[in-house]
Structures are given as C-alpha cells and as structure tokens.
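Position chains B, C, D, E and F relative to chain A; hints supplied.
Residues per chain are reported as follows:
Number of protein chains: 6
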Amino acid sequence: MARPDGREIDQLRPVGIQRGWLSHAEGSVLVEFGGTRVLCAASVQTSVPRWRRDSGLGWVTAEYAMLPRATNTRNDRESVKGKLGGRTQEISRLIGRSLRACVDFKALGENTIILDCDVLEADGGTRTAAITGAYVALADAVGWLRERKLVRADPLIASVAAVSVGVVEGEPRLDLCYEEDVAAGTDMNVVCTGDGKFVEVQGTAEGRPFDRAELDALLDLAAGGCADLTRIQKEALGRS
Amino acid sequence: MARPDGREIDQLRPVGIQRGWLSHAEGSVLVEFGGTRVLCAASVQTSVPRWRRDSGLGWVTAEYAMLPRATNTRNDRESVKGKLGGRTQEISRLIGRSLRACVDFKALGENTIILDCDVLEADGGTRTAAITGAYVALADAVGWLRERKLVRADPLIASVAAVSVGVVEGEPRLDLCYEEDVAAGTDMNVVCTGDGKFVEVQGTAEGRPFDRAELDALLDLAAGGCADLTRIQKEALGRS
Amino acid sequence: MARPDGREIDQLRPVGIQRGWLSHAEGSVLVEFGGTRVLCAASVQTSVPRWRRDSGLGWVTAEYAMLPRATNTRNDRESVKGKLGGRTQEISRLIGRSLRACVDFKALGENTIILDCDVLEADGGTRTAAITGAYVALADAVGWLRERKLVRADPLIASVAAVSVGVVEGEPRLDLCYEEDVAAGTDMNVVCTGDGKFVEVQGTAEGRPFDRAELDALLDLAAGGCADLTRIQKEALGRS
Amino acid sequence: MARPDGREIDQLRPVGIQRGWLSHAEGSVLVEFGGTRVLCAASVQTSVPRWRRDSGLGWVTAEYAMLPRATNTRNDRESVKGKLGGRTQEISRLIGRSLRACVDFKALGENTIILDCDVLEADGGTRTAAITGAYVALADAVGWLRERKLVRADPLIASVAAVSVGVVEGEPRLDLCYEEDVAAGTDMNVVCTGDGKFVEVQGTAEGRPFDRAELDALLDLAAGGCADLTRIQKEALGRS
Amino acid sequence: MARPDGREIDQLRPVGIQRGWLSHAEGSVLVEFGGTRVLCAASVQTSVPRWRRDSGLGWVTAEYAMLPRATNTRNDRESVKGKLGGRTQEISRLIGRSLRACVDFKALGENTIILDCDVLEADGGTRTAAITGAYVALADAVGWLRERKLVRADPLIASVAAVSVGVVEGEPRLDLCYEEDVAAGTDMNVVCTGDGKFVEVQGTAEGRPFDRAELDALLDLAAGGCADLTRIQKEALGRS
Amino acid sequence: MARPDGREIDQLRPVGIQRGWLSHAEGSVLVEFGGTRVLCAASVQTSVPRWRRDSGLGWVTAEYAMLPRATNTRNDRESVKGKLGGRTQEISRLIGRSLRACVDFKALGENTIILDCDVLEADGGTRTAAITGAYVALADAVGWLRERKLVRADPLIASVAAVSVGVVEGEPRLDLCYEEDVAAGTDMNVVCTGDGKFVEVQGTAEGRPFDRAELDALLDLAAGGCADLTRIQKEALGRS
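Residue numbers (the UniProt record's numbering), protein chains in the order written: chain A, 1 to 240; chain B, 1 to 240; chain C, 1 to 240; chain D, 1 to 240; chain E, 1 to 240; chain F, 1 to 240.
Worth flagging that the hints you see were computed from the coordinates, not collected in a lab.
Predicted model only: the values in this text are computed from it and were never measured.
Here a beta-carbon is modelled for each residue, glycine too, at the ideal position from N, C-alpha and C.
Incorrect hints may appear among the rest.
Below, in silico cross-link-like pairs of lysine to any residue (SDA-like), each with a Cα-Cα straight-line distance of 25 Å or less [what the hints assert, rightly or not]:
1) K83/A / D10/B
2) K83/E / E110/D
3) K149/F / N72/E
4) K81/D / R77/A
5) K81/F / E78/B
Short derived list, chain F residues pointing at chain E, Cβ under 7 Å [unchecked claim]:
6) R19
7) G20
8) L22
9) S43
10) L67
11) P68
12) N72
13) S79
14) G82
15) L84
16) G86
17) E121
Extracted from the complex, chain A is given alone in its bound form (with noise of 0.2 Å):
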C-alpha cells in the first residue's frame, strides 16, 4: 500500500536545518520533518538551578510547546488555561533527558542550557523533530560558550537524533505523517545517539498489542532512519 506521499517505508519526509534563524538566542534552529516545523531556541544561562548550586555541575533543560493554530484545529493557550497539559509536560521531560544523554556536565560548569521547542506548525513527529532539532541548537551554544572560553573542555560528548516509526495497515514504516500517525496500530518514538545506541525508546500499542517481531523491525527502522537524521545535522553543523 502507497504512503501518503509515496515515499519508501523506510525514507523520511525532506528534511530542513536552519541555523542562526534568531538573532538573540545563543543557539537556533527552525528543524522541518516535512510539514512538521519547529523553532528550537537555546538559551545559556551562567547559573544553575537552586538544587545543583556548588556541585561544579551544569544543566540542560527544556521546554515544548505547541502553537495554538500549528494543528488543524485551533487548541486553547495553555498559559490562558491557567495550567500545562500532561502531554506537554511529558514532551518536555523526554527532550530534556534525550540531550542531557548528550552532555559532559562537568565539562560545562556551573551553566544551564534551556532549550525552547515550539511548534509552528505540526504533521506528525513534532517531539522527534523538536530533538533533533534542539540538537543542533544545543551545539551551536556550546560553540558559543567555547568561543567565549567560558566551559573548560568541551561538553558535547555525543550527538542525539530521533525518528517516529509505527505499524500503519499492518506495515511497519518511518517518520509518519500525521494522517499516517493517526492510523497506526502501534507508535514508537526512539532517541538514538549518533553512534548508532539507544538513549529512549517509547512504543505504544494504540490499537492492538504488538508482538516482538514487530518491535524487533520499528527497533531498525528507527535506526537507519536516526542515523540518516545523524548525517544531516553533521551536514547542518558544518556549514556556517
């Protein structure tokens, strides 16, 4: 059966990296997994939070969001609710754990990098692309504490990069789409660094539990898909 956009299971959708794409933030990027864009902004604050002060240790943190009119139909501001939904807040803890599986936080002192995601503009795999995405930024902000002199050595021991993969009529595909997301029997999002391991894997069954063939093709699905996405920000990284 044909995908959405006729592309091969295992190909992802065209993928954009702009770099620089803010003028005030130390590190920026508006990451596009086809028409899935989000703005990743770091930000370097030369302090830590109150429970990490005196440990010579620094911190990555981040935030996810959703515009309200980045999906078909409009969702009401969280901020005008009044509170944070828990599938916001649960975006915002795997963001954060995925790129701190990137850091030396010894290496990066007593300083704390937030990364903001917010999606403009949503079709499926906004947490994927926000981490990848939220990658290069973070990359471009250490260069920014590095050029200053202000870490010692350089606190980037990794690179993180990751993919949604799903069970859609019965076929095990890469990066969905949101009309393919929807569909799918089984959704897996997987975070992997650029060495090819695993930092988070995280596969519902949202129709019908899944057996372990299934999870053994998403498991290497994701991997080509996250060592594609490994090379491309390598590519975005070596520009400037």
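For chains B, C, D, E and F alone, kept in the frame of chain A given last:
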C-alpha cells in the same frame, strides 16, 4: 542626532508581510517590522462565545504572546508560571479591540475569528506589528469565509494598521526599535483605519510628562506611518 | 441634548475626597466622583522589591479591584476564580504608572508605597477616580514618612489627577457616568500633572473611529477637568 | 483588670448598622463593632446553583474577604496570589451556614441570595460583625423580593446574630477587640438565633485548654451579647 | 430508637490503632473508627518555616486529604482541580491546632513535625479519627527525636483525642457513623486533652438550632468518648 | 554481584494482591511489589465524558498519585502546590493507556471506569505495581457491571501486567527496588498482555546509552516477569 539604524524620523523600518505562512490556518501572516517578527494566525470557528449566542452577530478576538527567547534574555513561559501577565492581557485586549473596528458583526454572522499573534522575535513595536499583520490575516480569513459562502455580505468595513511613536532625545520619532523604546521619554501606540481615523491612541510618559505640542507632533507622525502601512497592507493583499 | 444629571458638558460630577478614612493605613482616602466611590489606601513598606534592592531607589505600585456588588449585577470575585482579569491588571498598571510620575525615587529612598484602590461602588470613571484619590493618599503617606524623618528630601515632585472624556450622541463630554460611558462612541482617559502636562492619554473608539478634531476637543475637555480636580485635591490636602 | 477601652466584661463595643449603604445591591449594610467595619451586600439572583435546580428550593451563600489594608500591616490580595486562603474559606462557610439557619428554602423558591461581607477595617470580631450585619442585609433582600412578589411566603423564619467571647487574663469577656483577641487563652465565636438558641459554637484553646466551667461562663456571656445584638438589629430594621 | 449498628448512645465504634504502618515515616498510624480508616504519617524536618526561624521554637502542622474513592461516590482530586477545597483546609487547620496543644515548642527546638492524615475510607468522623490517630503518630515521631537526642526535654506536654457527637432523632449520640451524621440535626466535634480539658468545641446546627440543655448533653457525651479514646491511645503506645 | 535482597536477576519481589480492600469501590486492590504498596480503586460511572457521548462506547481512565510520605523524605502535596507535576500526569496517562488495551469499549457501553492508583508506600516500581493491581480492580469492576447486567457482553478482552527492568552494575535485572532503580544505567518499564504481547515499552538511558543486545536482554526479562505476574493475577481473581 542620528537614529541607531540611520532612518529619518518619519521613516518606518523595513516592513515585510508574508501571507499564507501556515498551511492549516484560514489566514496567516509573518509580519516583520525591522527585527520584530510576529506570526499572526486567523482561525475561523463557526460558532460564537456563549454570551453572544442567538444574537445573529459574530465575534473577533485576539491572543498575543511572546516566545520565551524572542527577547535578549529569556523570559519564563506564562503557561509554566500558570498565569497570564498583565502586559500580555493588555496587548491581547488592544489587538482584539483594534480588529473589531474593521468588522460588521451582522455580516459576519455567528462566526468567530480568533487572531493568534505570537512574537517570534522582538525588537520594539511588537503590538503594532501584531495589529498590522493580524489585519491581513483577518482579511484572508474573511476571504476564506466568502469563498465558501459562509457569510452573506462582506464583513470587512475598514482596514487597520498600527505604529509606535515616541520622543527620543527630545525628538519625536516614528516606529521605535527596542533601543529607542528604552530611551524614550514618551511612548505612544496609535491604531488608525485605512482612511486615517483613530481607533486607539495610547500615550504614556515614561520619564517626563509631555505637553500638547509634543502630543500633536507624535499624532502627526503616527498618522503618516499608519498611512504608509495601509499602503503596504494593500500591496500584500493585492498579490495572491 | 441634556446629560442624564443635567450637567454642562465640561462639568465634573460632585467630587468628594475624605482623607483618613482608615485608621491603620499611612494614607487613606474615600474618593467620590458622583455615584462612584473608591477607597484608596496607601501602605508604606520600608523595603523595595527584590529587583530594586541596593539601588538606593524607592518604588510605588498600585492594585485596583472592585467589590463584587459595586456594579448593578454581581461579578464573581477574582480571588474565587483564582486569577486576575485583564481589565483589573490593566487598570492597576495604569494607576501605578500615573503615580510614579509624581515621585522622585531617589528622595523616597528604599521605601515602597503601595496604593490599594478598591471600588466600593461603580458609576463610571472608576479608574480616574482611583488615580485622583490615590494621589491624595500618596501625599499623606509621604507626609507620614517626612514626619518620621524616614526620607531626606521631599519625594513628591508633581501631583496627578485623572478624568474620563467621551463622545456621547456626537457631543464631547467630561467625566462620563456609567450610562454615558455605555453610550459613548469614543472613550478616553487622561491623566495630567498639576501643571497641565500629560502623563497618560488612552483613547478608544468604542463604536466608530474618531478624527483629529474630535480628539482635540476631548483633550481640551480633559485638560480642563484635570485642572479642576487638581484644585479640589489641593483643598483636600489643605484641610487637616 | 480593666479592658483596653474600659468596657464591662459583658458589654459590647458601640455597634453601628447603616442600611442601604450601596445603591445597586438588593440589601446592604455597613456594620461596625467598635473599630471593625464590614460592608455586607446581599445580591438576589433569580436562579439556583446547578445541583439545586428543579428542587423548588432556594439557596443562600456567603463570601467573606478582607481588603489588603484592613489590618495594621498590609496583606497580599488573594486574587493576586491566585488562591483563597483557608481562613477566608472557613469564615465564608461559617457565615453561609449561619444565615441558612434563618431561611425557609421552600418559601424562598428557586432564588439565590449571596451575601458578600468585605472587611474594610479590622479590629477583632470581623466574622461575628459580618454575620450580624449580613442578617440585616439578608432581611432587606428578602423585603425586596416580597415587595416584587417574587416569593409566595415569608422565607425568613429566624434572625441570627453573632459575637466573640474569650478568656483574657483569666477573665471571660464579651466581644474582644484585636488587642484582647491576641491575648486570649481561649477564643469562642457563637451564633445565636433571635430566640436564644445556638446555631454555631466554635471554641478554640489558643494557649491553654479550657475546662467546663470556663466554657459555661463563655456561653452565658455570648448568649447575652447575642440578645443585645438581636435588639440592635431589630431597631435598625425598624427604621426605614 | 436503635442505632444502625446497635451501639449504646455513649458507645464508640470499634477503634483500631496500628502503629508503624509505614516504613519511611518517623511515626505512622492506621487508625480505624468503625468503617473509617485514616492513615496518619508524622514527618520530622530539622528546620522550621521561614517566619519561625531563629526563634528557638519548633512547629507542628497537619494536612488532611481524602482519597477519591474513600466515599460512596467518587470525588475529583483536589490536585487535578488545582485547588484545595474549603472543607479540606478547614480540617487541616483544625488538626494542626489540636496537635499544637500537645507540644512545648521550646522543648521541640527548631524542628517541624508534619502530620499527614489521608482518609483511605470514610464512614463519618474522619476528622476526629485523624486527630486521635495523628496524636499517636506524633508521639512516635517525638520518640524518634528523643532516641536520637535531637531534643533536649520532652516536647509532649499533653495528649489529645477527638470525637464527634450529635443529636439524631432527638437523641444525643456519641461517635456518629455516616448514616447518622447525615441525619443529625446538630453535629459537634470535640477535641479534649488526656486530662479532660477542651481544646476545640465545634458545634453546628445542621437542621434546627439547639438549646443549652442539648449542648450540655453533647458535651458530656463527648468528654466521656474522649476519655475512652485516651485510654485506647495509651494502650497502643504501651505496646511496642 | 548480589542484589540487595538476594534475588535472582529474573526473580520478582514478593507480590501481594488483596482484593476488596475498600468497601465502597466497585473494585479495589492493595497491590504489593516488595516494599511498594499501591491502593487501586475502580469506580464505575454510568456515563462517559462529554466528547464520548452518544458514541455507544465506554471509557477507561486512570489517576496516579503518591501520598506525601510514601517516600523516604516527604514530598509536598500536588493539591497544595495547586498543580499536577509532569511525572504524575505521565504515569496517569501510561496506566490509562495500558488498561484501555484490555477493554472492548463497545461491550462496555456508555460507562466509564476510573482507576485511582494511590501509592501508600514506594520502593521502586510504583507505576508497574499500579498497572498490575489496577487490572485486577478493573476486572472486579467489570464483574460488578456484569452481575448487575449493566453490560451486554464481556468488555474484558485481555489482561495486562507490568514490570520494570534495568541494567544495574552492567547486569540486566527484573523488578528493580528503589536502591537498584537509582543505580540503574538503563531503566525500562514494560506492559504486556496476558498472552505475551507488548502494550508499552518505555526504555530510558539514565546514565549511558544502551545497545541493541542490552535492549533485547531487558525485553526477555520483562516478558518473563509479566508472565509471572499474569499467573499471580489469575490466582488472585480465582479466589473470591
């Protein structure tokens, strides 16, 4: 004394109006006033708020917000703080009132148009850029309704544009950038209709009270700036 | 066309300023603009907000609120709703800015004066009555500080008064009561110093945009009204 | 040992009950117990809360609050803090329960009366003053309903009044002012009906547990005080 | 008329006090009053709230809550609603005040003991069971402090127990179960020290005001019930 | 290297499942995984959320929470803080999704079952214990519905159980206690159906990314553990 970017005192910064920036929204505009960039999305809902039901009248409202790293130092998210700040609500109300001046609610019928104005990057004049861009997004949303014959008559009875003016170093100036805004002794935001009438005049003595002559000079500058913006809006709407 | 209470178009409603209405506050005033009654309490705190510490400068701030049954139909309490409305915050900010125009923060030293303006009964013009009364409460609180030699020099460098003006039935009028306010096509609040300069000018087209001639007529009326109020404030402060 | 204001131990402070203090409310009273002043407003709504609908029964509820500068040092507003304190809710519930003891809900029909009790100035006994004043405002609101023939029978089946008592310096005393309240080892609030029965008895050992003899003495004092207040309420309602 | 469970009017329900129900808490008790089960955990913190610092005095506070399905129909969680209800805060305050009557804060030193009382199952009398159980948990936490020589002298100067009484079908009864509580015309909660003095007396006319004779009968019943509970507490603390 | 409690690497802690722990709930279980104790209550509501009405379909949802002193140091209540933390919402969502995998919503009809999972004591694996216990409570609630003939067919189409696995000191282990959880380099929660398929797989590199071989070993352990838990659930449901 020269302006930071060498402009004349009655000269706008470069203004950009990109229509159709989002694919889901019924109208959308990325508006730029120099370094200030605001994403304006118009969402049509085929219903009205509870207090307006069965009146035969439509409604237009707006929500303004700023991404955390739109500014030079990062601001905490209002969704995370769990409440809207006074400034945010004040500007949202201003944008809503300004756009309602363009609309015949009877012609709109029991539809609501919500204008989301999210500041991606801030360099002074975010509320005036938001109003100017939101008008164009509103016009596109009205076009969307008319194409689908969801309104009987044309609900748009006027256009609006807005600009800031201020007294900087004793000199009245048009369209202040952030650096000038901070230095201004008096700061005024003016919203005009396309035929040069006033919809809102909000002048504040930041440092030193102003006299009638200064007020008159500022109003003259603002009226001229709004006329220029009206022309730019028309050009943007002329392209398709 | 006659005004509801038979006033001239440039005539204020009966204004009452009762000082010392509360026994605990360092300054307190029950101010009446016709049927509008606002209790203004000035509280002195011998410290400043965190962001102002060690600056040698003082601070003045204000909070505006309305009792639930100040109006014709009861409004729910914002404390019960758990959030401040936009209108409340907007007016609180306006009062604070207006009163800060009267104060030399260096002379005030690291003291804070908080103006609480609680509307006991509303009949139009609550924000302008609040500013006019709060100035007198502020002056009394400054007197309290001077008596106790808690400030070196006189922190009061100006007085402020405020009044509403509007175009009702095509006619510019001073100090609108609620019935006129609802009917006004244009509504403006003006804050002036005692020597006739402008601190705030906030004009809004409620129904129909206004032209420069109308704006000029409203500004003239407002300047006259503020001059009358300044005189009444002086008389109130002359009594002890 | 003499009381701060020289009163007898069974003597109330001067009590003032001014009816009709507000022009919009269906009933309103400014009640004074010495230096304590509470504005009580009764609002009639011709509907009942959702859980009470179609029962044929009415409802009475109350909200208590204190202006920020009612007390010697300023308290932050609960609307600004974004939540109601425990003390506020506890007193609101007490006032509501006390007034519901006066009302035949069948006779009231599906109407709600809300009693807003706002403390303008506090010198001890604010909750008992609030109950005593709110009863008079309630009676006026019931009169308003009867005049308009919005109720069939008289919904008022009793009157209530309330007073505080306490053991200060080992001596049981009636109607404590703030200075005595702070010094009291035991503190009790008692609500009685006009015919001398108890609606609420809330006694608290502030410093030292109390024995049955002390409790009995306090109950005697309170019953006498409530009888005096009942007489004063009747006089106030007799005037028109 | 017989009670639902056949008890005498002055008879408690079966009371269970299991100490050490939790392994982490410094003191913990599962207390049962018939079908009512409350888990009381005492947590020691070797610091005091900010307003108590450098006073040399300790603090004791309590928090009461009910699991959503403690009752016959499920109640929404207050954490999900985002605010504490008035009843919850009122009971938390009552428990805290009651337990503070047992403690010499000087002997406790700058330590805080927090009593968490979570109702696992409710069948009337949850607040009185909570107080009775929390006292035992408090005693265990004090024992924990004494063993570790974290306090100099014994901070426990009294014991407290609590019971509900009420007039049901015209008859004063001790320790009401839910069915009786709902039917009670008058409802009273009484907290006594181990030597029979009163700490709190909170009587409420639910349906019909009560006279002095009824009040006296209820107080007699409650004093007897508290004496029984004091004996049961002593036995529980005697076992180790 | 031996585990803290001497278990084999593929051995569960002692598991306890006590049904009928609460008398009001339609299903209730106290589940124990070693020192972790979770009270699971299933509440039946004969209606569905607004967005589900008139669909003919039922709904199952869950709320997870922890008592303040379930852990070694006390945590502040989320009800007191006024907001739900991200972890709480994330786990509530996981439990809800897991249990929905067991249910045929058509057979359930327009009924809702809410699973409240309150952690009374925590020693690692609270979310997996909650899912395992909640399934049994759900089964009892479904039994309750079937007995009363409130459902036509059997809504239970599968069973679910959950367990944590992790790599500790380089060794994959089943069912981590708190001490092991803190030390784990990789931590995974797995939810399986009774016939060994996967419903959720959530693996996180806490310290160090994991490779495919480790992932496979963890999945094997988890599948075995879930099979053991399925057997224990069946035994518990077999008893009545």
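Ascending list of hint numbers which this structure does not respect:
Violated: hints 1, 2, 6, 7 and 16.
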